[in-house]
Amino acid sequence: MNDIKNVCVYSASSTQIAPAYFEAATQLGRLLAIKGINLINGAGSIGLMAPAQSHLSIREDEIEVGYWIGVPFWGNGYIPEAVSRIQQYVFEELEYSAMWCGYYDGNTKSKRVQEKIGFSYHHTCDEVPVTLLNEVRVGHTNYMTLEMWNSYGSA
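Counting in this note's numbering, the sequence shown runs from 2 upward without gaps.
Some clues are possibly wrong.
[Stated by the list, open to error] Restraint-style ranges between C-beta atoms, simulated for each label pair:
#, residue 1, residue 2, range
1, A34, T146, 40 to 48 Å
2, G30, E136, 34 to 42 Å
3, E136, F74, 23 to 31 Å
4, S85, E24, 35 to 43 Å
5, N151, E61, 14 to 22 Å
6, E96, N39, 20 to 28 Å
For the record, the hints were derived by calculation from the structure and aren't laboratory data.
Note that CB positions come from ideal geometry on N, CA and C, so glycine has one too.
Using the sequences and the hints, build the whole thing.
Next comes the structure, spelled out in structure tokens:
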């Protein structure tokens, strides 16, 4: 008899991972499904990408933030709070001159988060490759400068 009902998995979201890891994750997912074990992903993730890791053409004194949160945790204010703390860290501790963030067309919740915490619209790219999903999407890019942070975020 199987006593395990759920397994929680935290994993990377980088496209720079060796294919063997993707294959292993797929095999694990199939095995869990066969055994009737629920796969639970972590609540969410947030991270910073330096210019070398960013898909944007940003300067060395700028940084990109990315985030994700699972559907059960939507609407609780976790992402605005987390990104606000990251903004504070980026501008006050790391002393970057600008911070970039984006969302895909139709993701109104992410758009709203970015507006709520002071990001401003910069540009739209009609063809953003989403490698892991083998898709191309419309991406919107927002930014915040240190000057904007000083008038908005640190107030």
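Quick rundown of the hints versus the structure:
1. A34 / T146: 40 to 48 Å: 47 Å, holds
2. G30 / E136: 34 to 42 Å: 20 Å, violated
3. E136 / F74: 23 to 31 Å: The hint (23 to 31 Å, Cβ to Cβ) holds, given that E136 and F74 are roughly 24 Å apart.
4. S85 / E24: 35 to 43 Å: 38 Å, holds
5. N151 / E61: 14 to 22 Å: Roughly 21 Å apart at Cβ, these two residues keep to the hinted range, so it holds.
6. E96 / N39: 20 to 28 Å: 44 Å, violated
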